[in-house]
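K.L.:
In order, the protein sequence lines correspond to chains A and B. So for the first sequence, my numbering puts the first residue at 1; every next one is plus one. So for the second sequence, my numbering puts the first residue at 1; every next one is plus one.
Just so you know, these hints were derived from the structure itself, not from any lab. The model shown is predicted, which means the values in this text are computed figures rather than measured ones. Hints should not be assumed to be uniformly reliable.
As the list claims (entries may be wrong) - Below are the BS3-like pairs computed for lysine-lysine, each with C-alpha atoms no more than 27 Å apart in a straight line:
no., chain 1, residue 1, chain 2, residue 2
1, B, K235, B, K141
2, B, K244, A, K31
3, A, K28, B, K142
4, A, K72, A, K141
5, B, K141, A, K28
6, B, K142, A, K31
7, B, K141, B, K244
8, A, K28, A, K72
9, B, K141, B, K254
10, B, K142, B, K254
Said to hold, decoys possible - Here are a few chain B residues that face chain A, going by a calculated C-beta distance under 10 Å:
no., residue
11, L40
12, I89
13, T91
14, I97
15, L164
16, A174
17, I276
18, L299
19, T318
Unchecked claim - Quick look at which bits of chain B chain A covers, simulated, 3 or more residues with Cβ under 8 Å:
no., segment
20, 131-140
21, 153-160
22, 279-288
Glycine included, C-beta positions come from ideal geometry on N, C-alpha and C.
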Amino acid sequence: MVDVSIANIRPDRAAVASQWQLIWWAFKRHKLAMAALVVTVAMYVVALVPGFFAINDPTAQNARATFHPPQKIHFFDTSNGIEFGPHYYPMRLTRDPNTLAAIYIEDTSRKVPVTFFGRGYTYSVLGLFETDIHLVASADKARPLFLFGADRLGRDVYSRVVQGAQVSLSIGLVGVCLSLLLGIVLGGISGYYGGRIDFVMQRVIDFVLSLPTIPIWLALAAALPQGWPATLQYLMITIILSFTGWAQLARVVRGRFLSLRTEEFVAAARLDGVPESRIIFRHMLPSFSSHVIASVTLAVPAMILAETSLSFLGLGLQPPTISWGVLLREAQNIRSIATAPWLFMPGLAVVIAVMALNLLGDGLRDAADPYNK
Amino acid sequence: MRRANLNAGVPMLKFIIKRLLWMIPSLFAVSFLAFVLIQLPPGDFVTTYIATLASSNEVVDQNTAAQLRERFGLDQPMLVQYLKWIWGIVTSGDFGISFEWQQPVSGLIWERMALTLVLAVASLLATWAIALPIGVYSAVKKYSIGDYAFTAFTFFGLSIPSFLLALVLMYVAAVEFGQDVGGLFSPEYETASWSIGKMFDLLTHLWLPVAILAVSSTASLIRVMRANMLDELPKPYVTTARAKGLSEFRLLTKYPLRIALNPFISTIAWLLPNLISGSVVVAIVLNLPTAAPLLLQSLMAQDMYLAGAFVLLICALTLIGSLISDILLALVDPRIRLE
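Here chain A stands alone, though its shape is the one from the complex:
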């Protein structure tokens, strides 16, 4: 990629470039943030069509594969010369003669080829249409491929992590959208009108910010009836998370409103008789939207972590809904993680997602700051 920095862009171009153009140039210089952007986009693509990236049906149980260890895909066959052909060796279940514990042994005599864009279980794409094409598919349905191993019910951990991305990654976005809505309305009113309204709103924001979030979330989540349908539960959890999340965003919006209120261009617009709503949406909003976007990007990972913690404690989403937090419940007791350390894989997914979003948000914040050299 050609290194594009503000410095070597011709000054005449920089002078007429729009604000978004300038932010994009500044952002592109930030290598780590660019990498984070790529990872984030890739993860959200997976979250959009998890069925395509999954290998086995994430809900299918398999009594013959409890705590099945992870398998490797071999790309070259070296049995007679070197030959390209992705394949894996299925594992045979035997028992330890003394303890009767399950032992899986790789059966190298049987080779199962792996096909790309092959056929597997049927899934629905965003509820629009159904298909059975998968990125990776195994040729032998009776001996499934467990890329990240299997859990205590023999369900494929890899496919479950991929499927969980949909709920875990979207809950952050939906929750942040709700918080943003509340934050912009309340923070906007507070910052725009000032005075007594601002004073009251400030106390409310201070109060909400001083609350310890997790005990409050726990108490709120404990109030949810266990038997609710998954979609309603999902909605309620996002509402619970936004209950405390809006205050931070409201504070950002208010601060921006306060500093912009006294700017000359706002005063000029007001003197020209521009209606209030147009001043807010046409003149003020565009000039601080970049800051808001950066704050929002930094709020998403916090929401993801919150959902994971709540579901992990059993007060968030409930199985059969698949989210990373729900999956990590399987890793709750020391006995199961000692036998199957691959149950930590959903945790790795959380760490990667949160790290990528944090780096992305940081990069955006730096790029959106016009005083940042």
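Could you slot chain B onto chain A? The hints should help.
P.N.:
Chain B only, in chain A's frame:
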């Protein structure tokens, strides 16, 4: 100069009184919130109690249920229940009765709350002790290998959920060292009364949860400290001090560090809620005898007065944290108390 010094105490005192007065409505708001929160679940403890009995084939008739409700005051309107509850707390420190344990809430909570506070304060101190030198180092040696290593650590620390870190450490301890790291006491001290031996035992167990909790807060604090120092370092007064021949260490500690510490103190306000809030999940995973596991249990069982007392006390603790941070900040920075 002398006159200014004499008068400095008055605005400070005014500020502290004003801030203390603000605590009163905040505490009431918190108590009301806690009460509403624990009232939210549909049904009450009696419903849950009957359901538990029903699952073991015991039937409770309507009369007994009504009697139980009357005894616990559950048949009254919510506001009346709240006023009774808060009146009991304010006048005699009576937090009501735990339905599940059949004993006064105040007998159950204090030791656990004290341990929660010990854990939070220990984590806070650990966070400061680690974050301060690393933050300064990262700023002074900007873009060095050490700086990059610490930056990588901070990003990792911010991304890993604390309960996951606790699980991984438990796994490592159990599989690699064959040790059980849960709890805050060795079995022989668990029910013993407080003694020097028990205190020492607590210290040997405390480091793990403290380390886990300190990771994420240290990560954010290092970044705050580094940014603050980077703002101060290029300023002319630093150059002046250097030109006058001050040693680099003395120069750092005497001027820029003191100014950069300012936002550092204000972080207590959000660090303490974060630490207490974060300790909830870690304490449940590690099965620590702090407030959190009992809070979770009481929420599940709709043991409302016990849950309410915990939510109230945890919230009050964070409010006090922000009070302390505001007062410290006013002591350090005269601009705030004159505002």
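K.L.:
Each hint should be assessed against the structure and marked as holding or not.
P.N.:
Hint check:
1. Pair hint K235 (chain B) plus K141 (chain B) holds up; C-alpha atoms about 17 Å apart against a cutoff of 27 Å.
2. Proposed proximity of K244 (chain B) and K31 (chain A) is contradicted: the alpha carbons are some 40 Å apart, above 27 Å.
3. Annotation: proposed proximity of K28 (chain A) to K142 (chain B) holds, straight-line Cα distance about 22 Å (limit 27 Å).
4. A C-alpha spacing of about 17 Å is found between K72 (chain A) and K141 (chain A), which places the hinted pair at or below 27 Å, so the restraint holds.
5. A hinted pair counts as satisfied when its Cα atoms are at most 27 Å apart, and K141 (chain B) with K28 (chain A) qualifies at roughly 25 Å.
6. Distance restraint check for K142 (chain B) and K31 (chain A): the Cα-Cα separation of roughly 17 Å lies within the 27 Å cut-off, and the hinted pair is therefore satisfied.
7. Proximity of K141 (chain B) to K244 (chain B) is assessed by CA-CA distance (about 22 Å); at most 27 Å being required, the pair is judged to hold.
8. Proximity of K28 (chain A) to K72 (chain A) is assessed by CA-CA distance (about 36 Å); at most 27 Å being required, the pair is judged violated.
9. With a CA separation close to 18 Å, the supplied pair K141 (chain B) and K254 (chain B) stays within the 27 Å bound.
10. Taking the CA atoms of K142 (chain B) and K254 (chain B), the gap is about 20 Å. The hint holds against a cut of 27 Å.
11. With its C-beta approaching chain A no nearer than about 4 Å, L40 (chain B) sits inside the 10 Å limit, and its interface hint holds.
12. This hint is violated: I89 (chain B) has a C-beta 18 Å from the nearest C-beta of chain A, more than the 10 Å allowed.
13. With its C-beta approaching chain A no nearer than about 25 Å, T91 (chain B) sits outside the 10 Å limit, and its interface hint is violated.
14. Because the beta carbon of I97 (chain B) sits about 19 Å from the nearest beta carbon in chain A, more than 10 Å, this interface hint is broken.
15. Contact between L164 (chain B) and chain A, as hinted, is supported at the beta carbon level, the nearest pair being about 4 Å apart and thus within 10 Å.
16. Residue-level restraint check for A174 (chain B) holds (minimum Cβ-Cβ distance to chain A is 5 Å; threshold 10 Å).
17. Given the 10 Å rule on beta carbons, the hint for I276 (chain B) holds: about 5 Å separates it from the nearest Cβ of chain A.
18. Hint status for L299 (chain B): holds, given a least beta-carbon distance of 4 Å to chain A, under 10 Å.
19. With a cut of 10 Å, the hint placing T318 (chain B) at the interface with chain A holds, because the nearest CB-to-CB distance is about 5 Å.
20. With 0 residues having a beta carbon nearer than 8 Å to a beta carbon of chain A, the segment 131-140 of chain B misses the requirement of three or more and the stated coverage is violated.
21. With 5 residues bearing a CB less than 8 Å from a CB of chain A, the segment 153-160 of chain B meets the requirement of three and the coverage assertion stands.
22. For the segment 279-288 of chain B, the assignment as covered by chain A holds, since 4 residues bring a beta-carbon within under 8 Å of that chain's beta-carbons and 3 suffice.
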